[in-house]
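2 protein chains.
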Amino acid sequence: MASIKKPLHQLDAWQAAEALAHRDIQAIDLVRACLDRIEQRDPVVHAFVELNANAALALARQLDAGPVRGLLHGLPFGVKDLLDTADLPTAYGSPIYAGQQPLADAAAVALCREAGAVLLGKTVSTELANMHPGVTRNPHNLQHTPGGSSSGSAAAVADGMLPLALGTQTAGSLIRPAAFCGVVGFKPSHNRVSRAGVKSLSETLDTIGGFGRSVRDVALLGAVLTGDKRLVDPRNFDAQASSAPRIGLCATPDWSLADEDTQQAWAQAEKALTGYARPVALPAELQDLVAQQKAVQMFETARSLRHEHRHHAHQLSPSLLALLEDGMRISGETHAFNLKAVAHHRHVAADLFRDHDVLLAPSALGEAPAGLATTGDPLFCRGWTLLGLPCIHLPFARGRNGLPVGLQLVGRFADDHLLLTAAHWVHEQLTR
Amino acid sequence: MASIKKPLHQLDAWQAAEALAHRDIQAIDLVRACLDRIEQRDPVVHAFVELNANAALALARQLDAGPVRGLLHGLPFGVKDLLDTADLPTAYGSPIYAGQQPLADAAAVALCREAGAVLLGKTVSTELANMHPGVTRNPHNLQHTPGGSSSGSAAAVADGMLPLALGTQTAGSLIRPAAFCGVVGFKPSHNRVSRAGVKSLSETLDTIGGFGRSVRDVALLGAVLTGDKRLVDPRNFDAQASSAPRIGLCATPDWSLADEDTQQAWAQAEKALTGYARPVALPAELQDLVAQQKAVQMFETARSLRHEHRHHAHQLSPSLLALLEDGMRISGETHAFNLKAVAHHRHVAADLFRDHDVLLAPSALGEAPAGLATTGDPLFCRGWTLLGLPCIHLPFARGRNGLPVGLQLVGRFADDHLLLTAAHWVHEQLTR
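Each protein sequence line maps, in turn, to chains A and B. Take the first sequence: its letters are residues 1 to 432, numbered as in this note's numbering. Take the second sequence: its letters are residues 1 to 432, numbered as in this note's numbering.
Hints are not guaranteed to be accurate.
No distinction is drawn between identical chains; accordingly, a pair holds when it is met within one copy or between any pair of copies.
Derived lysine to aspartate or glutamate pairs resembling DMTMM-like cross-links, with alpha carbons at most 25 Å apart [said to hold, decoys possible]:
1. Lys271 to Glu50
2. Lys5 to Asp36
3. Lys6 to Asp29
4. Lys271 to Asp42
5. Lys229 to Glu333
Since the hints were derived computationally from the structure, they do not count as laboratory data.
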């Protein structure tokens with residue numbers, strides 16, 4: 001491979017992985033570069049809640065001295081503090097769980113470690129992965145939100161502290177922070193990645209995914225999490241070999257709420273993808289997914305957090321408390337109706353991909369909003385999460401405040417490899 | 001209500017619930033009766049891993065002195081040791097987790113407590129809810145298995161130690177032990193009951209449910225777990241008001257493996273339901289569900305237990321270790337294919353209920369097998385679990401060894417209330 005020209009902490013994960021596998025670079029140097037960056041920047045970005053520096057350095061030395069372990073050999077990674085770790089406390093972004101030490105790694109963490117990844121630390125989650133913000137700031141402008149709920153993971157990757165990080169999405173918690181921080185965020189198809197050892201909120205929706213700086217980065221992570229080697233087939237990333245995907249431009253029924261920055265990114269994408277993309281409208285049955293997603297999430301979250309509500313109400317934020325109370329007012333009868341509707345809508349959604357390989361859709365209303373009081377609106381992610389479809393955010397533009405803007409691609413259920421292949425191609429068109 | 005004639009510990013849960021709500025009996029007396037029964041019988045049945053006697057007595061006194069809290073006011077219940085409890089250790093049936101003390105109740109436990117139920121103790125799970133047996137014996141014959149993985153919960157309810165108990169099913173872990181122990185076992189529709197705080201094995205399949213002595217008993221539990229009040233509509237249980245359901249007799253493609261006892265129960269049911277039931281065959285697409293269920297369960301369990309396999313292999317049974325290794329050999333590509341097939345099959349399954357309200361199907365091959373080395377075969381449950389349909393086991397016969405035999409009814413997805421209404425009617429026909 002060509003010699004490394006960037007500072008190590010700025011390498012894409014896939015570039016670092018290749019260099020590590022070829023022993024062109026050492027894991028210990030990459031870990032040190034990330035730790036240095038964390039030391040320099042985390043005092044203002046606040047992406048981490050726990051660091052694992054000594055254990056990470058020791059493991060990196062071991063990895064450098066031994067055989068290549070797997071796809072993530074020697075790559076530092078961070079884990080949203082909603083996922084259990086056997087060697088670091090896990091507090092789910094809530095004072096209720098401050099200092100909790102799980103006995104086991106979450107399955108996703110165990111799989112990354114097995115593939116050779118080096119855990120650098122736990123990253124900030126909003127309170128129980130809901131809307132009440134954590135302390136993380138947007139590395140592009142510290143006065144703006146990084147998005148949530150996977151706030152720390154997105155900010156750390158955006159700021160060069162980590163090449164890869166794990167997050168979760170129930171409404172828009174991977175795609176929105178990826179958009180606000182200007183990184184690639186990947187939400188795999190629902191249920192493809194084990195949620196064992198992850199604080200459960202809404203089982204119809206909760207999905208584990210992650211962040212990187214390129215499509216190839218999250219493909220590495222996705223291959224490890226799903227066990228599907230098609231995600232890292234080198235042909236996916238070979239411009240000569242790969243043919244252009246058929247792209248549906250799906251502005252969604254809420255498009256009128258997208259602001260000028262998202263509209264401009266959309267116009268730019270339409271232009272860059274001329275000849276490959278054409279507009280597609282959601283069928284009538286799929287026009288009201290947002291309201292349904294909210295009802296499903298609220299009902300299920302209220303029940304999943306029943307213990308916390310009964311015994312720790314004083315340690316919950318007023319906004320989460322209100323959400324849980326709203327959720328408890330939704331009847332089980334309504335939820336039964338909604339679960340049937342979700343199953344039907346997921347079936348109907350397959351038709352969207354008869355004439356298209358992927359759909360291009362907005363990720364967020366616009367740039368990261370100013371202030372740290374909210375993490376922004378997951379509006380444009382709710383429907384896709386409800387449908388369980390794989391989604392990937394592609395950053396490629398800047399808004400009026402100079403903050404990152406991008407769009408997401410949505411793929412067919414369980415065809416995550418096709419989504420990533422298309423995303424690599426589309427991202428090249430958008431950033432060339 | 002009529003005066004109570006049975007010993008308190010033998011009451012059906014719904015009878016006890018009515019008597020408690022009307023203050024015809026006291027929670028403290030019911031709790032004491034169950035604890036006495038446990039003291040007398042558990043040294044030979046081994047249904048419990050942890051008891052909560054003092055806390056249960058104290059809570060019962062409180063409940064007797066205060067207002068009626070909810071549907072389960074004053075009812076003792078047990079919890080399979082796969083579900084977290086904030087006041088009792090939770091070991092998932094594995095030495096790896098011996099003595100683990102969770103910080104929170106599982107959502108299902110919290111919901112039962114909120115409804116006024118009194119936790120008496122944790123019941124035996126097989127090792128990590130897989131096939132390696134726990135110590136529980138079948139209360140009908142101590143030389144026979146109680147079934148698994150919810151072994152202790154089924155045995156405790158069967159033996160009069162508890163009126164209600166929670167369990168989980170991934171293959172056949174509610175219906176099979178219900179069949180072997182001769183109690184009613186209810187597996188709600190997949191995803192209707194929050195699995196928060198339950199050790200995760202296979203998210204496509206894992207379902208929380210429970211055991212009682214009558215359909216009305218598990219309806220109480222189901223209403224609390226799902227929040228759906230239709231499950232306890234008194235009209236469901238009124239012979240005058242309820243009309244006969246349209247019953248499909250679905251012997252399943254593996255019927256030839258049912259033994260003489262199950263065949264005899266089947267013949268008995270056909271006779272009792274003459275005029276209301278007619279044979280129905282699974283469509284061609286649903287003929288191979290068992291193999292698919294096995295592949296989904298093995299793949300997902302192997303990944304969910306990745307940490308345990310990597311770090312505690314010496315504390316896993318040889319059979320579980322082999323299962324995990326088989327699971328790791330299934331590729332993510334195959335699993336993606338299987339997940340698509342599951343979604344398709346769940347869609348196709350809805351057609352089964354166009355001409356039928358419920359399906360009658362075998363629960364187990366026959367009586368509980370002799371010996372404690374295995375917990376029996378979940379064969380007849382695998383397909384329904386894969387389809388995510390609600391199932392209820394109805395005990396009504398005896399086999400050659402005098403052990404309980406019965407059949408299960410299967411309902412339409414998310415129409416759990418219709419299943420229970422039909423089950424009450426069918427159970428009356430079968431047991432009159």
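Results for each hint:
1. Taking the shortest Cα distances, Lys271 and Glu50 never come within 25 Å of each other, neither inside one copy (44 Å) nor across copies (66 Å).
2. For a Cα distance limit of 25 Å, the shortest separation of Lys5 from Asp36 inside one copy, 18 Å, qualifies, whereas the shortest one across copies, 75 Å, does not.
3. Taking the closest pair of Cα atoms, Lys6 and Asp29 come within 25 Å of each other only inside a single copy of the chain (13 Å); across copies the shortest separation is 74 Å, beyond that limit.
4. In this assembly of identical chains, the alpha carbons of Lys271 and Asp42 never lie at most 25 Å apart, being 38 Å within a copy and 74 Å across copies at closest.
5. In this assembly of identical chains, Lys229 and Glu333 lie within 25 Å of each other by CA distance solely across copies; the values are 7 Å between and 41 Å within a copy.
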